[in-house]
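Below are the chains, spelled out letter by letter.
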Amino acid sequence: MSEPIISVRDLYHRYGDFTAVDGIQFEVMEGEIFSFLGPNGAGKSTAINVLITLLPLQEGSATVAGYDVAEDPQKVRESIGIVFQDVTLDRDMTCREILEFHGNLYGMPNAERKQRIDDLLALVQLEHKQDSLTKQLSGGMKRRLEIARGLMTRPRVLFLDEPTIGLDPQTRMRMWEYIKAVNKEGTTIFLTTHYMDEADNLSDRISIIDKGKIIATGTAAELKNTLGEDLIYLETSDMPGTRAILSAMEMVKEVSQKSKGLVAMLDGDGSKILPRIIEALAAGGIRVAVVNLKKPSMDDVFVHYTGRELRDEGSEKPSTAITRAGRR
Amino acid sequence: MHLGFLTIYWRDMLRYYRFKTLLVSSLVQPALWMAFFGIAMSSNFDRFTSALPPIPGVPSVNYLTFMAAGVIAMTTLFTSLFGGMSLLFDKNWGLMREIFASPLPRNHIIFGIGLSGMTKAFIQSIIIMVFGILIGAQFFFGYSATKTILAVLGILLFVAVFSLGFLFLSATIAISLESPEGMQGIMTLLTMPIFFASNALYPIEAFPPALQALSMVNPLTYLVTGIRYFAIGDSFQAIGVHYTYTPLQIGLAFLFLIAFAAVMFGMAWWRFRKAVVT
Chain A
1 MSEPIISVRD LYHRYGDFTA VDGIQFEVME GEIFSFLGPN GAGKSTAINV
51 LITLLPLQEG SATVAGYDVA EDPQKVRESI GIVFQDVTLD RDMTCREILE
101 FHGNLYGMPN AERKQRIDDL LALVQLEHKQ DSLTKQLSGG MKRRLEIARG
151 LMTRPRVLFL DEPTIGLDPQ TRMRMWEYIK AVNKEGTTIF LTTHYMDEAD
201 NLSDRISIID KGKIIATGTA AELKNTLGED LIYLETSDMP GTRAILSAME
251 MVKEVSQKSK GLVAMLDGDG SKILPRIIEA LAAGGIRVAV VNLKKPSMDD
301 VFVHYTGREL RDEGSEKPST AITRAGRR
Chain B
329 MHLGFLTIYW RDMLRYYRFK TLLVSSLVQP ALWMAFFGIA MSSNFDRFTS
379 ALPPIPGVPS VNYLTFMAAG VIAMTTLFTS LFGGMSLLFD KNWGLMREIF
429 ASPLPRNHII FGIGLSGMTK AFIQSIIIMV FGILIGAQFF FGYSATKTIL
479 AVLGILLFVA VFSLGFLFLS ATIAISLESP EGMQGIMTLL TMPIFFASNA
529 LYPIEAFPPA LQALSMVNPL TYLVTGIRYF AIGDSFQAIG VHYTYTPLQI
579 GLAFLFLIAF AAVMFGMAWW RFRKAVVT
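Residue numbers (the numbering used here), protein chains in the order written: chain A, 1 to 328; chain B, 329 to 606.
I should point out that these hints are in silico values taken from the structure, not numbers from a laboratory. Fair warning: there could be bad hints in the mix.
Said to hold, decoys possible - Derived CB-CB ranges, DEER-like:
1. B:MET544 <-> A:GLY107: 42 to 48 angstroms
2. B:LEU517 <-> A:GLN170: 36 to 42 angstroms
3. B:PRO537 <-> A:GLN136: 57 to 63 angstroms
4. B:MET341 <-> A:GLN170: 35 to 41 angstroms
The beta-carbon is built from N, C-alpha and C at its ideal position, and this holds for glycine as well.
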């Protein structure tokens, strides 16, 4: 069985009156990809900055790779790799120089450093760009170079703070492949993201974080299953009546209000339950204007736990088609 | 011994070399000072001082020779004060997070920046010496080859300690501020009194007492004194003033610069230990 490689207890972090991290507690297992999913300003970056020793530990405890971040920050630094949220490359250094600089910062011996640079440039497919200045690289190449840099010292944990922010969809998919490949080699990955699909596709486990608190943790499947097997969205002629009828049905787990309609979480196969719902509504004299049946997505999970939509441009589309019932 | 500071040094020199405009302007600028300000001023000053009765038995040097020492000092001052600017850029947009999150002890950042700034000051000082001699500064006049080499080493030693002091100050300011504009403002504010309340361009003997007192705690005065001692000699006259230096005076001037650099390092270290970059 794997051991926790990151262990955080009762972590708080405040900036003056503002509590950015409000008592979080979690463990990351060796070898997994673990995500912090939450909107901008949720406290993800603050938490990561405490773990990578850029911010002092104010309250609580945290260990990374077996070392306490407050007691032994030097050992923590030696054990981790980091890809920062913003691009932190010197525009006027070449790719190879960026990696040379990093290896030297960590005191890597010459021969090992050179070999490692060759290997990593091959891994992120930047060999042909090794003598180009970083300002000549595309956004995706810069990110790949930063991942290579994060891996220079063979860290036990690689921290990725919003690794695909600002990249086009195709480049993001390729980044995910790199991240998965790195994880397969045995590096534990801790990433923060505000992209639902990123957390969903990439992570073994996800913690949803909002307003400084962790509000749910689990695999993507586990989180979605808390919402039931399928979701039905309804707009009808009589919303309160619809709500009453739905709530009375035993295969409906929960009903929640949207701006114009209702969402019912189903405890069973939606394609079989949907006709029965429509029958029941028809029997009650209620006309259905809009119906939408879908599998719960991470967006739904997020809305369920926070009561708010997480507005982001890169979220996944509903997986099922929208059906419109006829308006009689 | 941890040699991490060499990494910081290597990278800063790499940038110095790579930014060709920066490189060229930093090399040409001191020569231009000598060529324009030096020649213009010396033609005037030499006209005034030729009217003064020379002090008998004391070798006399022209104004260009006198002010060349000041130009070396001034260039070192400017280069060093601005040497920390790259840290500010790194903090806001660059590699400072990577460096702060690495196991590199933070005092190595200060050492590394100090060492690269010192190297730049060396290069500029040598250019001024060579160019100055070419246009008529009487540096190392009548020295043997060995004595010239020793004199150059003496000058570089003074330049080294002085530049480290101001580089540490520059690093302190850079790590404490957010905006390059703010740093620019502080630099401009600092350079004016440091440069003019000193013996770089004229003798301080004629200053009013307050200005004279200020110039006596000004590190630039001690650097200029050291440079003149090594480049011109321990007894000469210029602009009607007789300058004599004893080895004790020079030793004390050097100690003053070391103390200044030590205090500035202490300040930089304190700021760097406290600094949080996220």
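Results of checking the hints against the structure:
1. Checked against the given bound of 42 to 48 angstroms, the beta carbons of MET544 (chain B) and GLY107 (chain A), roughly 45 angstroms apart, stay inside it.
2. In this structure the supplied range 36 to 42 angstroms is violated for LEU517 (chain B) paired with GLN170 (chain A), their Cβ-Cβ distance being about 51 angstroms.
3. Taking 57 to 63 angstroms as the suggested C-beta distance range, the pair PRO537 (chain B) and GLN136 (chain A) conforms, at roughly 59 angstroms.
4. Distance hint check: the CB atoms of MET341 (chain B) and GLN170 (chain A) are about 39 angstroms apart, consistent with the given range 35 to 41 angstroms.
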